Amino acid sequence: MQKLGWFLFIVSFLPWVAILFLVPFLPLSIAEKTTIDIVLAVGAEVCFWLSVVILGKEVVTKYRRYLNPRYLWKKIRNFKRK
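All letters in the sequence shown, in the order written, are residues 0 to 81 by numbering that gives the first Met the number 0.
Among the hints, a few may not be true.
Unchecked claim - Listed next, the in silico DMTMM-like pairs over lysine to aspartate or glutamate satisfying Cα-Cα at most 20 Å (straight line):
| no. | residue 1 | residue 2 |
| --- | --- | --- |
| 1 | 56 | 44 |
| 2 | 2 | 44 |
| 3 | 61 | 44 |
| 4 | 32 | 44 |
| 5 | 2 | 57 |
What the hints assert, rightly or not - What follows is a list of derived Cβ distance ranges for each label pair:
| no. | residue 1 | residue 2 | range |
| --- | --- | --- | --- |
| 6 | 63 | 41 | 16 to 24 Å |
| 7 | 57 | 25 | 34 to 42 Å |
| 8 | 58 | 25 | 28 to 36 Å |
| 9 | 78 | 0 | 32 to 40 Å |
| 10 | 42 | 1 | 17 to 25 Å |
| 11 | 48 | 20 | 18 to 26 Å |
| 12 | 69 | 34 | 30 to 38 Å |
| 13 | 57 | 34 | 32 to 40 Å |
| 14 | 29 | 56 | 20 to 28 Å |
| 15 | 74 | 31 | 33 to 41 Å |
| 16 | 63 | 21 | 17 to 25 Å |
| 17 | 78 | 15 | 22 to 30 Å |
Worth flagging that the hints you see were computed from the coordinates, not collected in a lab. All values reported here derive from a predicted model rather than from experimental measurement. Idealized CB from N, CA, C, for every residue including glycine.
Use the sequences and the hints to build the structure in full.
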């Protein structure tokens, strides 16, 4: 069950990558792109929250912190200063 939770957690980020880097370049109408974006976003959220239920809030909060833009920006700034 733990492996399923991790799988869902990782898969929940893939639709956001597709929304940013794949869907805008598809030869579709704006309405079709919007529909695909909505379906991908809802799917990503469903996968994420199912992984929270399976793994537990503590595990997901720990790893999601590393993906927080504020945390990443701080790490980048500290890396540049060294």
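Quick rundown of the hints versus the structure:
1. 56 <-> 44: 15 Å, holds
2. 2 <-> 44: Holds: residue 2 and residue 44 sit about 18 Å apart, inside 20 Å.
3. 61 <-> 44: 18 Å, holds
4. 32 <-> 44: 18 Å, holds
5. 2 <-> 57: Given that 20 Å is the threshold and the Cα spacing comes to 16 Å, the pair holds.
6. 63 <-> 41: 16 to 24 Å: Because 19 Å falls inside the window, the suggested range holds.
7. 57 <-> 25: 34 to 42 Å: Taking Cβ atoms as reference, residue 57 and residue 25 lie about 38 Å apart, which means the hint holds.
8. 58 <-> 25: 28 to 36 Å: 35 Å, holds
9. 78 <-> 0: 32 to 40 Å: Roughly 37 Å apart at Cβ, these two residues keep to the hinted range, so it holds.
10. 42 <-> 1: 17 to 25 Å: 22 Å, holds
11. 48 <-> 20: 18 to 26 Å: At roughly 24 Å between Cβ atoms, residue 20 and residue 48 fall inside 18 to 26 Å, so the hint holds.
12. 69 <-> 34: 30 to 38 Å: 32 Å, holds
13. 57 <-> 34: 32 to 40 Å: 36 Å, holds
14. 29 <-> 56: 20 to 28 Å: Since the Cβ atoms of residue 29 and residue 56 sit about 38 Å apart, the hinted range of 20 to 28 Å is violated.
15. 74 <-> 31: 33 to 41 Å: 38 Å, holds
16. 63 <-> 21: 17 to 25 Å: 23 Å, holds
17. 78 <-> 15: 22 to 30 Å: The hint (22 to 30 Å, Cβ to Cβ) holds, given that residue 78 and residue 15 are roughly 24 Å apart.
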